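Undergrad: Chains A and B, in that order, give the protein sequences. Going by this note's numbering, the first sequence runs without a break in its numbering and finishes at 658. Going by this note's numbering, the second sequence runs without a break in its numbering and finishes at 542.
Careful: at least some of the hints might be erroneous.
Pair ranges (Cβ atoms, derived) [to be verified]:
hint : chain 1 : residue 1 : chain 2 : residue 2 : range
1    : B       : Val-515   : A       : Met-649   : 30 to 38 Å
2    : A       : Phe-614   : B       : Tyr-526   : 37 to 45 Å
3    : B       : Val-515   : A       : Phe-614   : 17 to 25 Å
4    : B       : Val-502   : A       : Phe-614   : 54 to 62 Å
5    : A       : Met-649   : B       : Tyr-488   : 22 to 30 Å
Taking beta-carbon pairs under 10 Å as the criterion, some of the chain A residues facing chain B (in silico) [unchecked claim]:
hint : residue
6    : Asn-630
7    : Arg-633
8    : Ala-635
The following residues of chain A were derived to be distant from chain B, with all beta-carbon distances above 10 Å [as the list claims (entries may be wrong)]:
hint : residue
9    : Val-296
10   : Pro-408
11   : Leu-595
Calculated from the structure, these hints are not laboratory results. This structure is a prediction, so every number in the text was calculated from the model and none was measured. Glycine included, each C-beta is placed from N, C-alpha and C at the ideal position.
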Amino acid sequence: MLEYAWMIPVFPFVAFLLISLLPKRTLSWEDGAGYAIGGAAGALVLSVLVIGDVLAGNTMVGDGPKFNWLVIANIEVTFGIWVDQLTAVMLLVVAVVGTLVVIYSGGYMHEEGAGRRRYYAEIMLFISVMYGLVISDNYLQMFIFWELVGLCSYLLIGFWYEKPSAASAAKRAFIVTRVGDIMFMAGIIILFKYVGALDFAHLFGEEGVAAVPNDMMILATALIFGGAIGKSAQFPLHEWLPDAMEGPTTVSALIHAATMVKAGVYLTARSYPLLVQAPETLLFVAAIGGVTALIAATVALVATDIKRVLAYSTISQLGYMTLALGAGGYLVVYADTAGGYSAALFHLMNHAFFKALLFLCAGSVIHAVGTNDMRLMGGLGKKMRITSLTMLVGAIAIAGVPPFSGFWSKDEVLAAVYSAGEFDSLFFLLWAMGIATAFMTAFYMFRMWFMTFAGEPRSDYHAHESPKLMTVPLMILAVLAMSSGFALFVGDGFGYFAGESVAELFGGHHHESAADILAHIFGDPLTYVSLILATMGILLAYKIYYLPGFDRSVFARGVAGKLQRALENRWYISQFYDDFAVKVVYALSLVADAFDRYVIDGMVNGFAFLGARSGGLLRRAQSGNVQRYAVIIVVGLCLLLIFMLYVAPGGRW
Amino acid sequence: MIPIEYWLIFSSLLFCIGAYGVLTRKNAIVVLMCIEIMLNSANINLVMFSSYHSVLHGVVDPSGQVFTLFSIAIAAAEVAVGLAILLSVYRRYQTIEVDKINILRW
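Next up, chain B with everything else stripped away, as it sits in the complex (with noise of 0.2 Å):
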């Protein structure tokens, strides 16, 4: 079995590229895509501990990787609202530059 700290040093450096891209990236669309590998990353974590928890205690405990196919469903509706927000953002200002858009100022 490959030992926890691989899984978790896996996780968070999959958290930290999501993190520098939503930080950095102009592009709004790469920036819902990188909001989708930090959100991946949590998945593996639950996934990773549950598999963990069955095999440690000798029992068969699925409920982890349940939630894990719920955040992966409302991950994806959560994309397509945001696409669609994104669409009618691009309508009305012809760009999808986060750093254009910043109308919600002072």
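Bound conformation, chain A alone (with noise of 0.2 Å):
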């Protein structure tokens, strides 16, 4: 099946033609939706095929399909696919999420009217170039995507572009997002200098590695990262994130949560044969994932925003990710075990199955209530049942709950980390920092969801549960959060599975059985550390948002009350950013309205004015006295003569 992986992107891209070309008559029902589902659909079925394929040991690397792209010289660069085990986790969760996404989105867009046939179409076109980001088998291929997603990204962030602050939002999007692009793009000419490939067998062979100084390396390896930065809105360009929640609710899900703000985590993830060889941009990648992580989980501590909380969340996990690769980076160098990669990726799968459902559960809240803002909801639980139940499940399994998803995956990641600290004391530092998260976590999922469903209704509305084409998809995402982190027990488990795609990079991989696996977490007392502070975490939002009594007013006082302002104004990172964005590009303007003013058109008139002048004097010349001209012809003439006769006599120079 492998060698149709191709075929993959085909599907939602044929999907994406035919809801953006075809008369609108013949698009049916809910203008487009169904040959999105369709579309989705085909892409799952052949995605399931092809990793049912790679579960059976098969993968393609290096030697798959490929065409030629350009020919430069004796160089030529080919486009190609490559699936490993790591592409087969991001093809589980792009086709899973997606196929959900777009089934939810005919019921939550139903309202939208004329705009959906483009809200599908560019949907489609994004589920499409995801997929293609997934399989490329070259950097450039894979840059070239990558651009792609952020352009569906920027147009659904902006879907509803006649708000303001929607179409601000897209513009910061993809602005912030190319700060990262030009930086993967530079390492990626770093690499083509030294190597003069692109395609990732040559690049990660050993040929390929030795080629490239080790200086070079690290500061290649960074600046791909920092593409990573960017995409997966890790600090600090994490502040497009929470303003891209603009968008309508399903593309916060699939895109900014599920999908593409994964894609910083894959590019690391398979940048990791060069990554390995320069083990201080793998210390700076944990370190940005560990900060990111602790400070995104901070302000979604005071965020009212129930979609902003989520963002915040996901900027957070993200983190986590980021952070598990770093420290899973050191663990392959040193330790000959993948075990934080393979952490790393069983995150980003569990992430996105929870995380979706949580905000598809957040957009259905919306759909019922008609706002975002959590200090007006309440009560909820009684009437929507089924969204009150599935985002409870995603809370706790976010939360890190035994035994649902979220404890398995960030106990690995927490492991991982803490383990790395044998080779570096910073990764103590950043386990402490990631064990704070998991209790700021728990606390805020069950803050949004106290605020949300419990309670009385603080304001006037009817809420009404969503239509069946939304909550069964919720149900189906509430099941995988529940289930996917069983992953780590079924076959080889998930970490064997995972490790597999970087087997080469260290020696001693070896098998566990699943009751090893057990043994291996719950006879760790950290393990029971993390557990604790989840617990503790969410029996203080309950404490806080449920029962009743509690005076919330201590944290507008005093130090507390320093410390919320901070928060809600987002450690005034975004307000850095605009103030610093204004002064440096007003200042900027003002040098460039100087040059302009001064230099371009100085030189304009400059030589407007010489030639003036000039002429001004010149013409006096012409004084219409006859006499004058002809003293003139005479003493040129007689000039002439003496050169002539004198000077150079016989026409010599």
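With the hints as a guide, dock the two chains, each given alone in a separate frame, to form the complex.
TA: Take a look at the structure:
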């Protein structure tokens, strides 16, 4: 089946073409939702077949079908497909979440009217290019799809483009991620300069790795990770993701929680053969991940917009994955185990399911209530039973309560970071940040759940449960959020499966039985630390936001008040960017204005002035006095004669 | 026969007197007269070289002298045109001083 993997993006792309080109009356149900579901489902079926093939142990790494994209002198850039275990994980995420989100859209976008056609066309284009990104076998191909997913993200964030906040959020997302994209491109160029090829088979091979000097390898990998910082909304480029919540909630669920923002993590994981050559970069990756996880989690504590809570939670969890990848690289280099790497991928998969679930639940709530503000919600649990229960499943999963999926992957991540501490003590600090994040995650998730579903309604609305078209995807995702953690124990186990894709990088790849893994997890005292912290987080949220009689105004006073205001202002990072951008851009514009005004205009005006002035002087020769002309003629003639007779007689110079 | 240098000196003197008059006199009629003097100095040269050519080579070749006649005729016509212009200039500006008539200027 692997050689047909290139056809996966074709299904949604055909759907995109049909939806955007067919006459409107032939689109029938929901302006093209049928075609969209068909395209997504086709890709899902093919993806599942491909994943089955990978599970059976087949991969296509560098030996797949290729075609020439461009030929420059003796350098050929080919496009092809690359399917390994990492690809399979991403394929699974994109296929499952993509299909469910498209089905859910059938209910959620019902009231959009004519905009639905544009919506379905763009979302199909996104799914298509996301598949393309995942199966790319070289950096250039990947970069092209990378930019295309960015474009789709821009289009879909700005879906309600008449709203100024949506239009500016779209621009912001596009521009901020572009900062990362430029770094990514610079990294690719450096690699190309030394290796002369862009396909993974060459770059990751022994010759490719050896061709790059050590310091350049650090620079190139750090720059490629820069692309991941932009796309996966890592600190300090994370502020675009909360703003991206201006788009429809389905878009947030698919693009800004489950798939596109994972592209950065995917890129980092894909570049592992290069990253392990540069432990300095790995440390940088881990540090960025840890800081991102902590900062985003703190802001989520006070956010009142239900989607923004989820957005900051997404950033925080992406930070977890990045942290695990950084620590995992150390483990691969020094401890010969892929523990961190597979933990990151495991968390990536689990997070895609439970975060898509949470977003779609939030969408269901917003659909019913008509606002994003949790302060105006409350009491929805009785009216929206399915939504409240599925969201509870999502919240439990992300909080890390066993046996739901988040517990297993989060525990793996923290264990990997802790064990990397053996090789660099910075990882102990990062582990502490991770564990603090875990506590806060449990707290803000249940804060959100209690504020939304528990208590009494705090504003006037007539909520009702969403249609089946929306609740069925919620239930499917809830089942996945509950069960995807057990992938750790199925067959050879997820850890072994994921580790296979970087198997050449280390020697000691060994099987662990399910009982071994369980004993490993529950024999580790650190597991109980995170478990107790998660429980405490949930109980604290229960006390503050559910039990009556807690005076929340204590948070608004004194030091706590200062902290709260800092958090409400997102640590002033966004504000810093705004001020910075305004000041720097204004200063730059002043310089540019002065340059234009004085240098460019000065040159133009200067030449004009010179011409006018010299003309003004020279025209005085035209005195109109005939005798003066005659004098000039006579004198000139005399000079000519003198010259010809005495200076250059006989015409010789 | 008068040596050729004398003729040349004579005609150049005549030319210089004419040129001096053209450059310095204000009255346009005098200027025209001076131009006639310059022209005649050239005519003298033509006649002189023509007669020397005949004597030195022992041939009769009057073409130089014929050209001089042409030149005198054309000079007469030119003076007629010049005087006519001066007449209308005088009617327009009530002056024929060349340094006063400078309307063709910047």
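Undergrad: Take the hints in turn and mark each one as holding or not.
TA: Results for each hint:
As the Cβ distance of Val-515/B to Met-649/A is approximately 32 Å, the hint placing it in 30 to 38 Å holds. Between Phe-614/A and Tyr-526/B the Cβ separation comes to about 43 Å, which falls inside the hinted range of 37 to 45 Å. Remark: the range hint 17 to 25 Å for Val-515/B to Phe-614/A is contradicted by a beta-carbon distance near 48 Å. Taken as a hint, the range 54 to 62 Å holds for the pair Val-502/B and Phe-614/A, whose Cβ atoms sit roughly 60 Å apart.
Distance hint check: the CB atoms of Met-649/A and Tyr-488/B are about 25 Å apart, consistent with the given range 22 to 30 Å. Residue-level restraint check for Asn-630/A holds (minimum Cβ-Cβ distance to chain B is 5 Å; threshold 10 Å). Annotation: Arg-633/A was flagged as interfacial toward chain B, and the flag holds, the nearest CB pair being 9 Å apart, inside 10 Å. The criterion of a C-beta within 10 Å of any C-beta in chain B is met by Ala-635/A, whose closest approach is roughly 6 Å, and the hint holds.
At the 10 Å boundary, the C-beta of Val-296/A stays outside the reach of chain B, the nearest C-beta of that chain being 76 Å off. Consistency note on Pro-408/A: stated as away from chain B, and its beta-carbon is indeed over 10 Å from all of that chain's, at 100 Å minimum. Every Cβ of chain B is farther than 10 Å from the Cβ of Leu-595/A; the closest lies at roughly 43 Å, confirming the non-interface assignment.
Of the numbered hints stated above, the single one contradicted by the structure is hint 3.
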